[in-house]
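2 protein chains.
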Amino acid sequence: MKVLIIDDEVAINGFINKGLEENGFEVTQTFDGEMGLRLARNSSFDVIILDLIMPGINGLEVCRRLREEHQIQTPILMLTALNTTDDVVEGLNAGADDYLGKPFKFQELLARVRALGRRSGQIESPANLLQVGDLTMDLDQKIVTRAGQELQLTLKEFLLLECLIRNKNRVLSRLDLLEKVWGIHFDTGTNVVDVYMNYLRNKIDKPFDQKLIQTVVGMGYVIRD
Amino acid sequence: MKVLIIDDEVAINGFINKGLEENGFEVTQTFDGEMGLRLARNSSFDVIILDLIMPGINGLEVCRRLREEHQIQTPILMLTALNTTDDVVEGLNAGADDYLGKPFKFQELLARVRALGRRSGQIESPANLLQVGDLTMDLDQKIVTRAGQELQLTLKEFLLLECLIRNKNRVLSRLDLLEKVWGIHFDTGTNVVDVYMNYLRNKIDKPFDQKLIQTVVGMGYVIRD
DNA sequence: ATCCAATATTAAGTCTGTGTTAAGTTTTTT
DNA sequence: AAAAAACTTAACACAGACTTAATATTGGAT
Numbered sequence: 018m019k020v021l022i023i024d025d026e027v028a029i030n031g032f033i034n035k036g037l038e039e040n041g042f043e044v045t046q047t048f049d050g051e052m053g054l055r056l057a058r059n060s061s062f063d064v065i066i067l068d069l070i071m072p073g074i075n076g077l078e079v080c081r082r083l084r085e086e087h088q089i090q091t092p093i094l095m096l097t098a099l100n101t102t103d104d105v106v107e108g109l110n111a112g113a114d115d116y117l118g119k120p121f122k123f124q125e126l127l128a129r130v131r132a133l134g135r136r137s138g139q140i141e142s143p144a145n146l147l148q149v150g151d152l153t154m155d156l157d158q159k160i161v162t163r164a165g166q167e168l169q170l171t172l173k174e175f176l177l178l179e180c181l182i183r184n185k186n187r188v189l190s191r192l193d194l195l196e197k198v199w200g201i202h203f204d205t206g207t208n209v210v211d212v213y214m215n216y217l218r219n220k221i222d223k224p225f226d227q228k229l230i231q232t233v234v235g236m237g238y239v240i241r242d
Numbered sequence: 018m019k020v021l022i023i024d025d026e027v028a029i030n031g032f033i034n035k036g037l038e039e040n041g042f043e044v045t046q047t048f049d050g051e052m053g054l055r056l057a058r059n060s061s062f063d064v065i066i067l068d069l070i071m072p073g074i075n076g077l078e079v080c081r082r083l084r085e086e087h088q089i090q091t092p093i094l095m096l097t098a099l100n101t102t103d104d105v106v107e108g109l110n111a112g113a114d115d116y117l118g119k120p121f122k123f124q125e126l127l128a129r130v131r132a133l134g135r136r137s138g139q140i141e142s143p144a145n146l147l148q149v150g151d152l153t154m155d156l157d158q159k160i161v162t163r164a165g166q167e168l169q170l171t172l173k174e175f176l177l178l179e180c181l182i183r184n185k186n187r188v189l190s191r192l193d194l195l196e197k198v199w200g201i202h203f204d205t206g207t208n209v210v211d212v213y214m215n216y217l218r219n220k221i222d223k224p225f226d227q228k229l230i231q232t233v234v235g236m237g238y239v240i241r242d
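These protein sequence lines are chains F and V, in that order.
Its first residue numbered 18, the first sequence is counted upward by one per residue in our numbering.
Its first residue numbered 18, the second sequence is counted upward by one per residue in our numbering.
Among the hints, a few may not be true.
Which copy is meant is left open, so a pair is good if it fits within one copy or across any two.
To be verified - Computed cross-link-like contacts, DSS-like style, restricted to lysine-lysine with a CA-CA straight-line distance of at most 27 Å: (1) Lys122 <-> Lys19; (2) Lys185 <-> Lys122; (3) Lys173 <-> Lys197; (4) Lys119 <-> Lys35; (5) Lys228 <-> Lys122; (6) Lys159 <-> Lys220; (7) Lys119 <-> Lys220; (8) Lys220 <-> Lys197; (9) Lys19 <-> Lys185; (10) Lys35 <-> Lys159; (11) Lys122 <-> Lys197; (12) Lys185 <-> Lys159; (13) Lys119 <-> Lys159; (14) Lys173 <-> Lys122; (15) Lys223 <-> Lys119; (16) Lys228 <-> Lys159; (17) Lys197 <-> Lys35; (18) Lys119 <-> Lys228; (19) Lys173 <-> Lys119; (20) Lys197 <-> Lys19; (21) Lys220 <-> Lys173; (22) Lys173 <-> Lys185.
Simulated from the structure, these hints should not be mistaken for laboratory data.
Just so we're clear, the structure is a prediction, and the values are computed from it rather than from any experiment.
Take these sequences, add in the hints, and give me the full structure.
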């Protein structure tokens, strides 16, 4: 099991590193938030141990950015000297999964890391899937299937479908879709959304009986169960 | 999000129940381990809050059996007066995902339950609904139903109805409606409002006994409970 | 009861919104 | 560097949403 330690205090970082390695974990150490973010983004860890107080980007910020900007759901154990209720609450709300105050006994850290790791192991295996009816998107493999048949989508088609499914049963306006898929935040008079909706339909709806994508005139598009 | 509380202490059980319900959770309470096991097996909860010390089957045992015998992986928050390191370690090793010592602040419990729940189910955003009598508008799905029956409205009809309901029991003049629905800020002598009010009535009032839209002669229109 | 103004209804004409295609542009692959 | 694929823009056709306008009906005052 792979663990990332992000803590600027060299002594503590080393202490955790040593203890975890003795217990059979694969450990990566880093001493600042910036590097921590980069490592967490680019490798896949099972658990991240994150110090709250660090020079530069602090732990809360690292946590928030991993969750919100990078959509990384690796379990995070927040580690810090602060452990009043407010700090704990703030940490958990920023997206941490657990919180441990310093000083701590190593046995407790170990148990908590195992608890977190156990969870990720089970959650990761049922792949990262989105579904509507008999259509499935595998977000890791980037594969879309309908009725067991694999469909070949381009990037924009894929993103558009993902957006629709993540908001299934909610009608999305062209502007919503332009923002979320194309990153265009104002009306430029383009009709790309229409065109791509057409391409998408040709692939995921045309060959099948039940149509998933619906137009709601004047409002936008939905995908429904 | 569905939460199961297993705690024999009636006061604490009730306290948690009340607090969680106020925060929009669906809560099920039970006061002994036996029943807790049965409920956890048969319904699907997003989080289980489990007291360690209980008469009959204790929390550790419940936790262990859920994990080992029943293969149930619902996140468990262990709750107890004991909070020495050893107890925490034992609890987490039995398969709990988090551990909170009594007494605790409710805000911390809430944050921890949310952190656990975030994993299993997505937080369902409460639907965006407007209601008058037996008529419901779902602003996300853009669906209008009356007496359980789905009604098909066009854009202008939908906006007009939305405007009426948002101002229910308040009489809106034609000019008010022209401004809010059509964006026309001066009198152009048009009678669109009348015409659309007619279309709307044909769909939402004509087929039903109780009429929701009322004309106030010389003043405008209202929708009332 | 009668008249006038306000409101309801209907029907026809206009025009916007949408689907579709094709051609032009950029990016990626070979 | 050429070819293919992906993406964007633009133009056109058509259905149905919307608007206008004319006529019918209702409500309230005299």
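Evaluation of the provided hints:
Proximity of lysine 122 to lysine 19 under the C-alpha cut-off of 27 Å is restricted to the intra-copy arrangement: shortest distance 21 Å within a copy versus 33 Å between copies. In the homo-oligomer, the alpha carbons of lysine 185 and lysine 122 never lie at most 27 Å apart, since the shortest distance is 41 Å inside one protomer and 37 Å across protomers. Taking CA atoms no more than 27 Å apart as the test, lysine 173 paired with lysine 197 passes in both settings, with 11 Å inside one copy and 26 Å between copies. For a Cα distance limit of 27 Å, the shortest separation of lysine 119 from lysine 35 inside one copy, 17 Å, qualifies, whereas the shortest one across copies, 32 Å, does not.
For the homomeric pair lysine 228 and lysine 122, neither the shortest alpha-carbon distance inside one copy (50 Å) nor that between copies (50 Å) is at most 27 Å. When the C-alpha separation of lysine 159 and lysine 220 is checked against a cutoff of 27 Å, the pair qualifies both within a copy, at 15 Å, and between copies, at 26 Å. Taking CA atoms no more than 27 Å apart as the test, lysine 119 paired with lysine 220 passes in neither setting, with 55 Å inside one copy and 56 Å between copies. Taking identical chains as interchangeable, the C-alpha atoms of lysine 220 and lysine 197 lie at most 27 Å apart only when both belong to the same chain, with a minimum of 21 Å there against 34 Å between chains.
In this assembly of identical chains, lysine 19 and lysine 185 lie within 27 Å of each other by CA distance solely across copies; the values are 21 Å between and 33 Å within a copy. For the identical chains of this complex, lysine 35 and lysine 159 are neighbours neither inside a copy (33 Å) nor across copies (43 Å), given an alpha-carbon limit of 27 Å. Taking CA atoms no more than 27 Å apart as the test, lysine 122 paired with lysine 197 passes in neither setting, with 45 Å inside one copy and 39 Å between copies. Taking the shortest Cα distances, lysine 185 and lysine 159 sit within 27 Å of each other both inside one copy (19 Å) and across copies (12 Å).
Proximity of lysine 119 to lysine 159 under the C-alpha cut-off of 27 Å is found in neither arrangement, the shortest distances being 42 Å within a copy and 46 Å between copies. For the homomeric pair lysine 173 and lysine 122, neither the shortest alpha-carbon distance inside one copy (50 Å) nor that between copies (47 Å) is at most 27 Å. Neither within a single protomer nor between protomers do lysine 223 and lysine 119 lie at most 27 Å apart by alpha-carbon distance, with minima of 60 Å and 59 Å respectively. Proximity of lysine 228 to lysine 159 under the C-alpha cut-off of 27 Å is found in both arrangements, the shortest distances being 22 Å within a copy and 18 Å between copies.
Proximity of lysine 197 to lysine 35 under the C-alpha cut-off of 27 Å is found in neither arrangement, the shortest distances being 41 Å within a copy and 38 Å between copies. Proximity of lysine 119 and lysine 228 under a CA criterion of 27 Å is satisfied in neither setting, with 56 Å inside one chain copy and 54 Å between copies. Neither within a single protomer nor between protomers do lysine 173 and lysine 119 lie at most 27 Å apart by alpha-carbon distance, with minima of 47 Å and 51 Å respectively. In this homomeric assembly, lysine 197 and lysine 19 never come within 27 Å of each other (Cα to Cα): the closest approach is 33 Å inside a single copy and 30 Å across copies.
For the homomeric pair lysine 220 and lysine 173, the shortest alpha-carbon distance inside one copy (13 Å) is at most 27 Å, but the shortest distance between copies (32 Å) is not. For the homomeric pair lysine 173 and lysine 185, the shortest alpha-carbon distances inside one copy (18 Å) and between copies (24 Å) are both at most 27 Å.
In this structure, the earlier hints numbered 2, 5, 7, 10, 11, 13, 14, 15, 17, 18, 19 and 20 are contradicted, and the remaining ones agree with it.
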